[in-house]
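Visitor: Take a look at the letters that make up each chain.
Number of protein chains: 2
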Amino acid sequence: MRLDKLAKTVDKGCGAIFGISNVFYFTGYSGAGVLVYCDGVFTLLVPALEENRALDTKGVEVKVYYPAKIRGDIQYSSVMEALEKIVGNNPLSVDVSYMDVNTYIRLSNKFQIRDISQQVSSLRAVKDPDELENIKVAGEITSIAMKMAMERATEKVSEKQLSGFIDYTMKNEGAEDYAFPSIVASGENSAEPHHIPTNRVIREGDSVVVDIGAKFNGYCFDSTRTLLVKSYSEELRKVYEVVLEAQLEAIDAVTEGIKASEIDRIARKVIERSGFGKYFIHSTGHGVGIDVHESPYVSFNSNDVLKENMVITVEPGIYIKGKFGVRIEDTLIVTKGKPVVLETTYKLL
Amino acid sequence: MRLDKLAKTVDKGCGAIFGISNVFYFTGYSGAGVLVYCDGVFTLLVPALEENRALDTKGVEVKVYYPAKIRGDIQYSSVMEALEKIVGNNPLSVDVSYMDVNTYIRLSNKFQIRDISQQVSSLRAVKDPDELENIKVAGEITSIAMKMAMERATEKVSEKQLSGFIDYTMKNEGAEDYAFPSIVASGENSAEPHHIPTNRVIREGDSVVVDIGAKFNGYCFDSTRTLLVKSYSEELRKVYEVVLEAQLEAIDAVTEGIKASEIDRIARKVIERSGFGKYFIHSTGHGVGIDVHESPYVSFNSNDVLKENMVITVEPGIYIKGKFGVRIEDTLIVTKGKPVVLETTYKLL
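Respectively, the protein sequence lines represent chains S and D.
Take the first sequence: its position 82, counted from the start at 1, is 82 in full-length UniProt numbering, and no numbers get skipped.
Take the second sequence: its position 108, counted from the start at 1, is 108 in full-length UniProt numbering, and no numbers get skipped.
In case anyone wonders, no lab produced these hints; they're calculated from the structure.
On a predicted model such as this, the values are computed, not experimentally measured, just so you know.
Honestly, I wouldn't trust all of these hints.
Same chains, same names: a pair is fine if it fits in one copy or spans any two.
What the hints assert, rightly or not - Calculated lysine-lysine pairs in the DSS-like style (CA-CA distance at most 25 angstroms, straight line): (1) K323 <-> K110; (2) K58 <-> K321; (3) K63 <-> K278; (4) K278 <-> K136; (5) K136 <-> K110; (6) K323 <-> K8; (7) K8 <-> K58; (8) K85 <-> K12; (9) K347 <-> K110; (10) K259 <-> K278; (11) K278 <-> K69.
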């Protein structure tokens, strides 16, 4: 039970969990609100707007705030008023990474704050079986959309149109949302890792980077494939092969106990020794869960160590401005042996 | 030129603009990064990942940071290092509402901080002609998707499927993204204002709340229609008529110089006198622009006054748990006379 994990983490005094993804992690409720823990009681504070969908949440007392107190049963005019009444003079544990600055300033003026962001992100990084199951389903949905995209990319569609096909397919296959805005980047545009789809129509010789992820039951997936449309250049083929080799070598090294920075180092080394090091301009991967980017971070300066049932991406890339980009990404589960790769779309040329 | 507006707002010392939407507002560049103004020079600091798409930004010097300094021309290992070198001992104007807590703490320890969030949100609230044009196009795209949705909602589709049709249509019509996750809420689910689409299949007698918005050239739109599927109850029809009356009365009052809180009061009064006051559990509207929720806020406790060329929503609703919900929303431009309503989908029963 995840509420117990919060109680243990807060330990002394009270705790207030801000941030939709954090509150969802501990309660299963997804919407605006703050989860408060004090004296063994969990209170889910929600704005009146969210009351109807908060009421089914188990293990918590739902209390509603609304500035107008439009009904007799609305107890608080704000989160701050509620916290003052519930928390009183107790020290307050919070995760500052999911809080806006003005809230932080107000809380700091009222309470003795303790930041538990590291503990919360460490908890969230190692997935429970039900979380892994949701990520797997999100992966199946994403894989179906990715295969469709790889086929339709050759049909003279624009980036926007192809991203629309992809989004429709993910929803139709059961996604409730997208983990992030779908990226379709073709030709020169593929040299922008976070390209926003345009009206550019895909054509012969293009590199087409498709970076997408479904969201299922609150859990994200993250996958990238790069399609090379026929009559592509030798240079593009060479770059593709380097990225793929880097990705496969890095994936092969993923296992419990290895430093995340080591995975980055392995991918980067392959790319550097091929002479493309200066074009690999981002880190190798990141954790995936309720947020599409979360702990652990697979970068050269990460201090994270991989553990069983962490879910991470491995996604090296090479981006040459004015020419093209290539990125290949899988989402995988860390185990004590070889990782479980969840994306099923082919990536060989 | 919007960079000049920033220079004026910062006035003395230097300024650092965080937040994708703020940086986009002043520069037209959309991606991770920080816009710095010092001694008449604008510097756009971007991570190496974003360099390729930042380079075309006009009026700014693009400088790149990356922890590894993988190339000789990467000058900074972090935003903080760059700010220390560029800003020095000058006081620093920032918008704290677009900054995470850890950044705020680090900046506060290094610089004398001045919060310009109010000034920036006031600037952004009044739209320039090019911004209005983008919002209009986003509205045309949204209207096409909305009409399609109203037609297909009767075809035994699930909430997820219908939201997929909608998303595909918006992309196919030219949206580069969605302003927010498309809401399709049917039957009892429509009593949750921010419902996430499920597998529930729409059926006779349902209320179907469709709340969607396209994003075009960086600008959002926000529109809601509620479809009543044939053989709906008398109670549902009555509620629909009350919400529509509240919406039309409130829209009719929108004009330069009126308090935003007055618009909320007008909508609320119609709903209260029909006996549904306790079911109108959110504010009447909000500004729309680069962010789908931005200044001004159309709520009973807002201090904002409407000005010509602000863009706002008017969206009263009634939500009865276990039964249904109804919301009707338009995005409109404030003028010196009657407002310009941008959504073109019919809303009469």
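Visitor: Please go over all the hints and tell whether each is borne out by the structure.
Guide: Against the structure, the hints come out as follows:
Taking the closest pair of Cα atoms, K323 and K110 never come within 25 angstroms of each other, the shortest separation being 55 angstroms inside a single copy and 41 angstroms across copies. Within a single copy, K58 and K321 get their C-alpha atoms only as close as 52 angstroms, which misses the 25 angstroms cut-off; across copies the closest is 18 angstroms, which meets it. Taking CA atoms no more than 25 angstroms apart as the test, K63 paired with K278 passes between copies only; the shortest distance there is 16 angstroms, against 53 angstroms inside one copy. When the C-alpha separation of K278 and K136 is checked against a cutoff of 25 angstroms, the pair qualifies neither within a copy, at 34 angstroms, nor between copies, at 42 angstroms.
Taking the closest pair of Cα atoms, K136 and K110 never come within 25 angstroms of each other, the shortest separation being 43 angstroms inside a single copy and 45 angstroms across copies. In this assembly of identical chains, K323 and K8 lie within 25 angstroms of each other by CA distance neither inside one copy nor across copies; the values are 53 angstroms within and 39 angstroms between. When the C-alpha separation of K8 and K58 is checked against a cutoff of 25 angstroms, the pair qualifies only within one copy, where the shortest distance is 18 angstroms, while the shortest distance between copies is 52 angstroms. For the homomeric pair K85 and K12, the shortest alpha-carbon distance inside one copy (18 angstroms) is at most 25 angstroms, but the shortest distance between copies (42 angstroms) is not.
With identical chains, the CA atoms of K347 and K110 are never at most 25 angstroms apart, being 54 angstroms at best within one copy and 48 angstroms at best between copies. Proximity of K259 and K278 under a CA criterion of 25 angstroms is satisfied intra-copy only: 23 angstroms inside one chain copy versus 55 angstroms between copies. Taking the shortest Cα distances, K278 and K69 sit within 25 angstroms of each other only across copies (9 angstroms), while inside one copy they are farther apart (58 angstroms).
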